[in-house]
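Chemist: Sequence:
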Amino acid sequence: MNLTDFISERSVSCELVSTDKKRVLAELSALLAAGSRGVRDEEIVEILEERERVATTGIGGGVAIPHGKAPGIPRLVAAVGVSREGVPFDAIDGEDVHIFVAVLSPASGGAGEHLKILAALSRLLKEPAFRDELVAQRSAAGILAAIAAAEKGS
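Count along the sequence shown from 1, add 560, and you get the number used in the working numbering.
No lab work stands behind these hints, which were simulated from the structure alone.
Hints should not be assumed to be uniformly reliable.
Calculated pairs, DSS-like style, for lysine-lysine (alpha carbon to alpha carbon, straight line, at most 27 Å) [stated by the list, open to error]:
(1) Lys712 - Lys581
(2) Lys582 - Lys629
(3) Lys581 - Lys629
All chains, full assembly: derive it from the sequences and hints.
Modeler: In structure tokens, the structure reads:
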């Protein structure tokens, strides 16, 4: 299982413009909707916001992995967004978040694939050099290439 199997170029933004948690979740939801077919971004933002009410998905080190499960999507999809300025996101370390990877899984499936992708993301994103590489990219294709290269090296 490769992360790039779940992320399309249209689901990547190398220049998020939102400056607060609520708006960045909406921006990520639009990216997820572009890759999910069948779920509107308004539905996705509700799912992501509900998950954030349970506990923050800001895992520290400038990273957040908002995620949830949605009815009506046939397979797991993911979106990547980079904020150059950083977004206050209630991360566990109190730092602003620069890298967002949002994950949306089918509600009807088991938790296996959802948990595997979250674990794979956590492994990759704990590496400072990989985080720096993502933030340095200036195109969706560059971000996808950086993820593919990191997966080959892990």
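Chemist: Work down the list of hints and note, for each, if the structure agrees.
Modeler: Status of the hints after comparison with the structure:
1. Lys712 - Lys581: Violated - the C-alpha atoms of Lys581 and Lys712 are around 32 Å apart, more than 27 Å.
2. Lys582 - Lys629: Holds, at about 18 Å.
3. Lys581 - Lys629: Distance ~19 Å between Lys581 and Lys629 Cα, so the pair holds.
In this structure, the one hint that does not hold is number 1.
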